[in-house]
Amino acid sequence: MNYNWNWGVLLEDPYFTWIWTGLGWTCLVAVCAWIIAFTLGSVVGVMRTLDNPIVRGIGTAYVELFRNIPLLVQMFLWYFVFPEFLPEDWGMYVKRGIPQPEFWTAVVCLGTYTAARVAEQLRAGVGSIGQGLRYAATAMGLTPVQVYRYVLLPVGFRIIIPPLTSDFLGVFKNSSLALTIGVLELTAQSRQITEYTFQGFEAFTVATVLYCLVTFIVMTLMQVIEGRTRIPGMLSLGAK
Amino acid sequence: MFKKILSAAAAAALVTGLASTPAQASPTLDKIKSAGQISVGHREASVPFSYMDDTGKPIGYSIDLCMRIVDEVKKAISMPDLKIKLVPVTSQTRIPLLANGTIDIECGSTTNNLTRQQQVDYLPVTFITGTKLMVKKNSGIKEIEDLDGKAVGLSLGTTNEKAFKAAAEAGKLDVKYVMVKDHPQGMLNMENGRTDAYASDDVLLYGLISKARKSDEWTVVGRFLSYDPYGIMVPRDDSEFRLIGTRVMADLMRSGEMGKIYDKWFNPGPTNINMPISSDLKKAFEIQALPY
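As you go down the protein sequences, you meet chains A and B in turn. In terms of the working numbering, the first sequence opens at residue 267 and continues consecutively. In terms of the working numbering, the second sequence opens at residue 15 and continues consecutively.
No wet-lab data here; the hints were simulated from the structure. Some hints here could point you the wrong way.
Stated by the list, open to error - Some but not every residue of chain A turned toward chain B, in silico, with C-beta under 7 Å:
1. 361
2. 414
3. 448
Please read these numbers as outputs of a predicted model, since none were measured by experiment. Beta carbons are placed, not taken as given, at the ideal position from N, Cα and C, and that holds for glycine.
Put together the whole structure using the sequences plus the hints.
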């Protein structure tokens, strides 16, 4: 292979700062998107487990819409199409007025997409709790809100911590799609370094290592959360 | 006596041996010959150098020149039925694909500069242009200094990106950069108001305007922010292959056919670009018309 390796180029300015700013943007996009995804997804997930058919219908519509369109297409729709449907000055504000419009577009897009997945996880989690627990809670005189708040959701969330971890990691990896609308996150910066120095292998190897590091930290964090929130005797400890 | 005859015979054999082997130490030609096809890289929207027509076939100024070179390659390796594989490339993929051998020649709107010559080689200059700005006619923007505090679209991986950023830094301008991955996306950003200007080679800007929905909304302004001579790219360290290309180009320039091909695409050209040949380019053709 006729490639001359030059790892030192990544330590030079400005490439060194590019990698770290890229990593910063990746983490920022992913964390902000996850906050949206978790809150919105929990709400929609609960909506899908309620008895009221209208509320359940809204939840289903949301999930089906955001699950069935590829993420890249959603990114372009949010960036190019959505501002055109707003009234003229709101549209201009979204396109030009907000600082970092691409960043916020990417966060909203990634957040709503992942929210659909979180909603499904939560629906599965709450659904897997036996009917007995729900009836016992109601029989004790708890209102539906209290049933969810004190019984169903605590258990439901604990059940879905493993698949939720996958979605959390997914948000970090999907943040790389933000490069198509101009967010200079880690993958975009690696490509820029490749443009300027033609040392693509080194740039992408470093990006891979950094992605693995970040996801490893996330996984460890979720494992700690799982350990700390475990209710003894509540769930089977077979899958430790 | 016997020794004399022997040494004379040996010398004769050596000379005839040298004369009969063709001097073909070209890895690219060997690869083309063994694959039975030549891979030609082309652009999809670099009007009028290399772009797709309505049927999806690549056409353009650089494509015409490249096809002449392909004909010469067919003669050089005696394969008149050589298959031509057309590979679309972007400004970001063209150099890696040429450097790793996926394409054998790149026919687009690629600037020849010294940094790129560390990875690839170039044939003689076919066009001369530089970075300019495309703006809305009534925006009042005339030069790069008017873009202080505004948003500018730049295509990733182009010389225009580097030239514009250098000029903005030198002038201490506060410009917001909106990076796009290709020219159509840059045009889209201009049309929906995300950017106030799009910086690219002036001829490509004229091409984008000629293909735009409302051509008279746009104009190209500003001084040249960079010097961009275009050339067809060929693999590095393959003088034999490059010589074939250089010979074809010199023949075209010497016979005056180069001027005719230029006028076919630019004056006014199928996309009505309307750019008669500049004196610089005419001189460049004369200078590069090397004799045999």
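*Satisfaction of the residue 361 (chain A) interface hint, Cβ to chain B closer than 7 Å*: holds, 5 Å
_Less than 7 Å between beta-carbons is the criterion; does residue 414 (chain A) satisfy it with respect to chain B?_
Residue 414 (chain A) check fails; min Cβ-Cβ to chain B is 43 Å, beyond 7 Å.
*Against chain B, with CB atoms and a cut of 7 Å, does the hint on residue 448 (chain A) hold up?*
holds, 4 Å
Hint 2 from the earlier list is the only one contradicted by this structure; the remaining hints agree with it.
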